[in-house]
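Chains as they are written, first to last, in my numbering: chain A, 2 to 116; chain B, 47 to 156.
Don't read these hints as lab results, they were simulated from the structure.
Positions of the beta carbon are idealized from the N, C-alpha and C atoms, including for glycine.
It is possible that some hints are incorrect.
What the hints assert, rightly or not - Not the full set, but computed from the structure, chain B residues with beta-carbon under 8 Å of chain A:
#	residue
1	F80
2	K88
3	T95
4	S142
5	F146
6	G147
7	K148
8	G149
Claimed, not checked - Straight-line distance between alpha carbons at most 30 Å, and here's what the computed DSBU-like set of lysine-lysine pairs gives:
#	chain 1	residue 1	chain 2	residue 2
9	B	K125	B	K105
10	A	K58	B	K115
11	B	K88	B	K103
12	B	K148	A	K16
13	B	K148	B	K125
14	B	K88	A	K12
15	A	K58	A	K18
16	B	K88	A	K58
17	A	K16	B	K88
18	B	K88	A	K18
19	B	K148	A	K12
20	B	K125	B	K88
21	B	K148	A	K58
As the list claims (entries may be wrong) - Computed beta-carbon distance windows for the label pairs:
#	chain 1	residue 1	chain 2	residue 2	range
22	B	A99	A	N53	30 to 38 Å
23	B	G62	A	T114	37 to 45 Å
24	B	R107	A	P9	31 to 39 Å
25	A	S59	B	R107	35 to 43 Å
26	A	S28	B	E91	15 to 23 Å
27	B	K114	A	S59	24 to 32 Å
28	A	E86	B	T151	18 to 26 Å
29	B	P126	A	N53	41 to 49 Å
30	B	E47	A	D19	27 to 35 Å
31	B	R107	A	G102	21 to 29 Å
32	A	G29	B	P54	35 to 43 Å
33	A	E69	B	D85	24 to 32 Å
34	A	T116	B	K109	43 to 51 Å
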Amino acid sequence: GAGVSQSPSNKVTEKGKDVELRCDPISGHTALYWYRQSLGQGLEFLIYFQGNSAPDKSGLPSDRFSAERTGGSVSTLTIQRTQQEDSAVYLCASSSLAGSGYEQYFGPGTRLTVT
Amino acid sequence: EDQVTQSPEALRLQEGESSSLNCSYTVSGLRGLFWYRQDPGKGPEFLFTLYSAGEEKEKERLKATLTKKESFLHITAPKPEDSATYLCAVQSGANSKLTFGKGITLSVRP
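Put together the whole structure using the sequences plus the hints.
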């Protein structure tokens, strides 16, 4: 079956511009997560959505970062006024349910480069 | 705060040379420990979930084990195609997020 898809695969933007990253989760998965992977930092949690519940935004590094999930499926991560330190690979994952022990399946990521 | 430490950072093996990768963790109420494999330029690929101390899981040449403080990923008679970065992550308490270690880069020479 189809896995998690993300677009674009690569994005180069100028400092100060806004960017939108898209994630299509596995069909039927109710939980969706965003992580960031930087060189030497490992994967860092950003935000997660579960059904119609309020999202857990505890990992967002600043108010320039926001995300939404429409219709319980597709999600968009928006970064406003991008900075060079935002350069990283942004990974989306989904799981059948949120909570303990449910494995998360990752997409291929979007590599963001801020020049 | 959950913490995950993986060691060594990098490991080079000869084909057929078995070894183990370590993942040490500190959590408040472990709900799951996850192993992933990541190839360059790709997203992490799920391998195993372990839930309680003493649990073991196997898949081909890989075997994951869990104690109250650490997990090991044992690789038996590795092949060059096992070369990848192996990531360990924990999930604890009521949190759904995963906390990852920095990964172990494994290189298997033919």
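Structure-based check of each hint:
no. : hint                          : in the structure
1   : F80                           : holds (6 Å)
2   : K88                           : holds (6 Å)
3   : T95                           : holds (5 Å)
4   : S142                          : holds (4 Å)
5   : F146                          : holds (4 Å)
6   : G147                          : holds (6 Å)
7   : K148                          : holds (4 Å)
8   : G149                          : holds (7 Å)
9   : B:K125 <-> B:K105             : holds (14 Å)
10  : A:K58 <-> B:K115              : holds (29 Å)
11  : B:K88 <-> B:K103              : holds (24 Å)
12  : B:K148 <-> A:K16              : holds (28 Å)
13  : B:K148 <-> B:K125             : holds (23 Å)
14  : B:K88 <-> A:K12               : holds (15 Å)
15  : A:K58 <-> A:K18               : holds (22 Å)
16  : B:K88 <-> A:K58               : holds (25 Å)
17  : A:K16 <-> B:K88               : holds (26 Å)
18  : B:K88 <-> A:K18               : holds (26 Å)
19  : B:K148 <-> A:K12              : holds (24 Å)
20  : B:K125 <-> B:K88              : holds (20 Å)
21  : B:K148 <-> A:K58              : holds (22 Å)
22  : B:A99 <-> A:N53: 30 to 38 Å   : holds (36 Å)
23  : B:G62 <-> A:T114: 37 to 45 Å  : holds (40 Å)
24  : B:R107 <-> A:P9: 31 to 39 Å   : holds (35 Å)
25  : A:S59 <-> B:R107: 35 to 43 Å  : holds (37 Å)
26  : A:S28 <-> B:E91: 15 to 23 Å   : holds (19 Å)
27  : B:K114 <-> A:S59: 24 to 32 Å  : holds (26 Å)
28  : A:E86 <-> B:T151: 18 to 26 Å  : holds (24 Å)
29  : B:P126 <-> A:N53: 41 to 49 Å  : holds (47 Å)
30  : B:E47 <-> A:D19: 27 to 35 Å   : holds (31 Å)
31  : B:R107 <-> A:G102: 21 to 29 Å : holds (25 Å)
32  : A:G29 <-> B:P54: 35 to 43 Å   : holds (39 Å)
33  : A:E69 <-> B:D85: 24 to 32 Å   : holds (30 Å)
34  : A:T116 <-> B:K109: 43 to 51 Å : holds (45 Å)
The structure agrees with every numbered hint stated previously.
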